[in-house]
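Below, each chain spelled out in residue letters.
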Amino acid sequence: MHNAFAQPQTILLLGGTSDIGLAIVRALVSPTCHDIVLACRNPSAADEAVASLRADGRNVTAVRFDASQPATHAALITDVVSRVGDIDLVIMAFGVLGDQGNFDQDPVAAAEAVTVNYVGGVSSGLAVAAQFRKQGHGRLVVLSSVAGERTRKSNFVYGSSKAGIDAFAQGLGDSLVGTGATVLIVRPGFVHSAMTAGLAAVPFSTTPEAVAEATVRGLHAAKRTVWAPGILRYVFMILRHLPGAVFRRLPLG
Amino acid sequence: MNKLTPPTRLTGWGRATASGASVLPVSRGNIADAVVGAPERGALVRGLGRSYGDAAQNAGGLILRLAGLAGDAVLDTVQHTVTVGAGVSIDDLLRVTVPQGYFVPVTPGTRFVTIGGAIASDIHGKNHHGEGSFGNHVRRISLLLADGTTLEISPSQHTELFWATIGGMGLTGAIVDATISMLPIETSRCIVDTTRAHDLEHILTLMEEGDDRYRYSVAWIDLMAKGRHLGRSVLTRGDHATVEQLTGSATSSPRHYDPRVVASVPPVVPVSLINNLSVRAFNEFWFRKAPLYRTDEIHSLAGFFHPLDMVGSWNRIYGPRGFVQYQFLVPFGQEDALRHIVERFAASGAASFLAVLKRFGAGNAAPLSFPAPGWTLALDIPASFSGLGEILHELDHTVLDAGGRHYLAKDSHTTPQAISRGYPRLAEWQDVRNRSDPTGVWRSDLGRRLGLIA
Ligand SMILES: Cc1cc2nc3c(=O)[nH]c(=O)nc-3n(C[C@H](O)[C@H](O)[C@H](O)COP(=O)(O)OP(=O)(O)OC[C@H]3O[C@@H](n4cnc5c(N)ncnc54)[C@H](O)[C@@H]3O)c2cc1C
Ligand SMILES: NC(=O)c1ccc[n+]([C@@H]2O[C@H](COP(=O)([O-])OP(=O)(O)OC[C@H]3O[C@@H](n4cnc5c(N)ncnc54)[C@H](OP(=O)(O)O)[C@@H]3O)[C@@H](O)[C@H]2O)c1
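Quick mapping for you: the protein sequence lines, in order, are chains A and B.
Just so we're aligned: 64 in UniProt numbering is position 64 of the first sequence, and the numbers increase by one with no gaps anywhere.
Just so we're aligned: 215 in UniProt numbering is position 215 of the second sequence, and the numbers increase by one with no gaps anywhere.
A portion of the hints provided could be inaccurate.
[Said to hold, decoys possible] Heads up, simulated SDA-like pairs for lysine to any residue below, C-alpha to C-alpha not over 20 Å straight-line:
| id | chain 1 | residue 1 | chain 2 | residue 2 |
| --- | --- | --- | --- | --- |
| 1 | A | Lys134 | B | Leu4 |
| 2 | A | Lys223 | B | Pro270 |
| 3 | A | Lys134 | B | Pro270 |
| 4 | A | Lys223 | B | Glu201 |
| 5 | A | Lys223 | A | Gly173 |
| 6 | A | Lys134 | B | Ala454 |
| 7 | B | Lys226 | B | Val23 |
| 8 | A | Lys153 | A | Ala109 |
| 9 | B | Lys226 | B | Glu201 |
| 10 | A | Lys134 | B | Thr247 |
| 11 | A | Lys134 | B | Thr439 |
| 12 | A | Lys134 | A | Ser82 |
| 13 | A | Lys153 | A | Val81 |
| 14 | B | Lys289 | B | Asp193 |
| 15 | A | Lys153 | A | Ser82 |
| 16 | A | Lys223 | B | Val23 |
| 17 | A | Lys134 | B | Gly440 |
| 18 | A | Lys223 | B | Ser386 |
| 19 | A | Lys134 | B | Thr8 |
| 20 | A | Lys223 | B | Arg15 |
| 21 | B | Lys226 | B | Asp193 |
| 22 | A | Lys223 | A | Ala210 |
| 23 | A | Lys223 | B | Leu4 |
| 24 | A | Lys134 | A | Val81 |
| 25 | B | Lys289 | B | Thr150 |
| 26 | A | Lys134 | B | His202 |
| 27 | A | Lys223 | B | Gly319 |
| 28 | A | Lys223 | B | Val268 |
| 29 | A | Lys134 | B | Gly387 |
| 30 | A | Lys223 | B | Arg316 |
| 31 | B | Lys226 | B | Arg280 |
| 32 | A | Lys223 | B | Gly440 |
[Unchecked claim] Here chain B is said to cover these stretches of chain A; the calculated rule only asks that three of the stretch's residues, wherever they fall, bring their Cβ under 8 Å from a Cβ of chain B:
| id | segment |
| --- | --- |
| 33 | 24-33 |
| 34 | 178-188 |
| 35 | 225-234 |
| 36 | 239-250 |
These are computed hints drawn from the structure, not numbers from a lab.
Built from N, CA and C at the ideal position, the CB exists for glycine as well.
Please model the complete structure; the sequences and the hints are all you need to start from.
Have a look at this one:
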């Protein structure tokens, strides 16, 4: 159960090696937190994270999870419940950025990326929601992206998958009103992480730690959406309404 | 199994812990059926939801609201007892018994609690130093068990289950009705002495030296005062007034009792009205308006015991993020720990009004009863205050290292470890509960969060 400060006792990170996801987990760990499960494509890749989170008798485990295999998602949630009991907080942090130039040549690769980012989010999100309804509480954090607010020519496959998962998460949040469960949508801008390594930073770039801090504040205040950094909410209010001809010429990478 | 209604979002009085449960209004006649048909996540009785945290919530399960009519209460004027349904509120009960010359043996700072809630939290009042907690005055309980049967329990019948139910937070069964010893009173007024104390040392000394001369005693501490004002307080002590002590118009209606709610906070307050400035100003005003020393003032029962009840839904002034109440106890001799905690809050700058200090007398036989000889401090703070979670976890250690504990009816933040340290008889209580409820039908969010139940 969460306490009055939105400190969870049990956490499931979907995308157990994600830089942003792990930063959020670290920011949420308090003396009340006794179980953390990192769900990863390759659990042994999380060894270091498991070791660093294990303290004060806290149980930390890594389990296998592949976002591109929707048929396995309900069973994963059941398995996690059997390990930790009620799941207080789920962070959906998996995702692939891909390369738009490559996607233009390889539509199948593009479809695979969308399967991870969007389809995997839908199936795991619904499995989580079913468990939340059953347990009568729970918070789901969905890592969306400003890339989904207005898709850019340089990454519109990724952007469209983020637009999809964002819209899905909004509807899911509405459908959970009254159940005791909630959804928080996090829309970061450019974050320095493994996903963006080697890419040139754009204006308002930020860090996983800063995104984590904004997320924790959002959870504490029971917000429905947070932007990181916060100013992007206003930047995108404008960008969303720019005429296409102007938008295309902006140096947004 | 019952057909479950769609979940309702429930919180405690602090409005900072939320979960969904299916809510079912029940009466004495059908409560057993509801329990037998309880879903996998169990059942719990919710009284008036005046516990601050998640004690009266059962996420994903069933919440029973037990109806009760004060008019059905049976007053025994020979034994000085009342037999009353557990769903009846102290508010409704007093409206029946005060005009007949009886007061409840223990009252909390609000009359909007049920008899069931008073027993399940083993509540304490301003008379704890002399008369103990609510459970000390319970003569018998009719308890609905997990299997749908009803058992008579009392200090001499099923003794273990009786004491596990006192302070048992609804996790041993549903209290259906109870017989309570009542306090005969001559009038519906109190006679009150007020003293201002200039710092913490002063207030502790005043209480140590004088409390035993009074039936009721409580101090209000300004936790925002620092330096040489640290711990400045207003101490009010008194007793029920006798007919002889009344003067003026009160003499013609010595037992008149009709307390009113004079104002209500609207349902939606978009932001918290509680902040450092507003509370500092309020505390200053409250301290200065109190007389330096005044004796034998006549107060109404409601004015003396339940001043907050004059404002309906006052918990909403904290805005949508709600607030927490931190209430702990440290044994006598651990005044340094108390001082440390008062200093920590004063230095934190957290907006806190309504910090209440009491001296507890002897505890009772209930394994989960909160009171024990020592000092108890209760303070309200906005949940949004930055870093408050960390401060409270830190102070939990101070409390536990001093041999103290936290009050379950108020808790909304601590850990299972803190509770098992503070309540060394927890395992004994769990053993009694497991025997009377082997499949774990009675469940609550508090029980899950703090590891009271498996
Ligand atoms: C302004 C204010 C002042 C207060 N002052 C004090 C004080 O001075 N001293 C003090 O001790 N407390 C105080 N309290 C706390 C309050 O007295 C307790 O939380 C009390 O239990 C609330 O009663 P309720 O009917 O609202 O119960 P709820 O809050 O609804 O429930 C509390 C617990 O009682 C259980 N319960 C309720 N009814 C039954 C039943 N029929 N059978 C079995 N279990 C049941 C519930 O399951 C739950 O575990 C105060 C609270 C407020 C809001
Ligand atoms: N970085 C940014 O600029 C930025 C901006 C906005 C939004 N976001 C979003 O934030 C989230 C976290 O990103 P990040 O920056 O932390 O990047 P990251 O460190 O690369 O994390 C992405 C995670 O997704 C996992 N993953 C990829 N494919 C998977 C699959 N099929 N099944 C399971 N897991 C899979 C990766 O696991 P492996 O270790 O196995 O690859 C990795 O743990 C993503 O949803 C991303 O879209 C990022």
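Do the hints match the structure? See the list:
no., hint, result
1, A/Lys134 x B/Leu4, "12 Å, holds"
2, A/Lys223 x B/Pro270, "13 Å, holds"
3, A/Lys134 x B/Pro270, "30 Å, violated"
4, A/Lys223 x B/Glu201, "44 Å, violated"
5, A/Lys223 x A/Gly173, "11 Å, holds"
6, A/Lys134 x B/Ala454, "18 Å, holds"
7, B/Lys226 x B/Val23, "46 Å, violated"
8, A/Lys153 x A/Ala109, "17 Å, holds"
9, B/Lys226 x B/Glu201, "13 Å, holds"
10, A/Lys134 x B/Thr247, "61 Å, violated"
11, A/Lys134 x B/Thr439, "19 Å, holds"
12, A/Lys134 x A/Ser82, "14 Å, holds"
13, A/Lys153 x A/Val81, "41 Å, violated"
14, B/Lys289 x B/Asp193, "14 Å, holds"
15, A/Lys153 x A/Ser82, "44 Å, violated"
16, A/Lys223 x B/Val23, "26 Å, violated"
17, A/Lys134 x B/Gly440, "17 Å, holds"
18, A/Lys223 x B/Ser386, "16 Å, holds"
19, A/Lys134 x B/Thr8, "13 Å, holds"
20, A/Lys223 x B/Arg15, "15 Å, holds"
21, B/Lys226 x B/Asp193, "26 Å, violated"
22, A/Lys223 x A/Ala210, "17 Å, holds"
23, A/Lys223 x B/Leu4, "29 Å, violated"
24, A/Lys134 x A/Val81, "11 Å, holds"
25, B/Lys289 x B/Thr150, "52 Å, violated"
26, A/Lys134 x B/His202, "53 Å, violated"
27, A/Lys223 x B/Gly319, "14 Å, holds"
28, A/Lys223 x B/Val268, "16 Å, holds"
29, A/Lys134 x B/Gly387, "32 Å, violated"
30, A/Lys223 x B/Arg316, "18 Å, holds"
31, B/Lys226 x B/Arg280, "11 Å, holds"
32, A/Lys223 x B/Gly440, "35 Å, violated"
33, 24-33, "holds (count 3)"
34, 178-188, "holds (count 4)"
35, 225-234, "violated (count 0)"
36, 239-250, "violated (count 0)"
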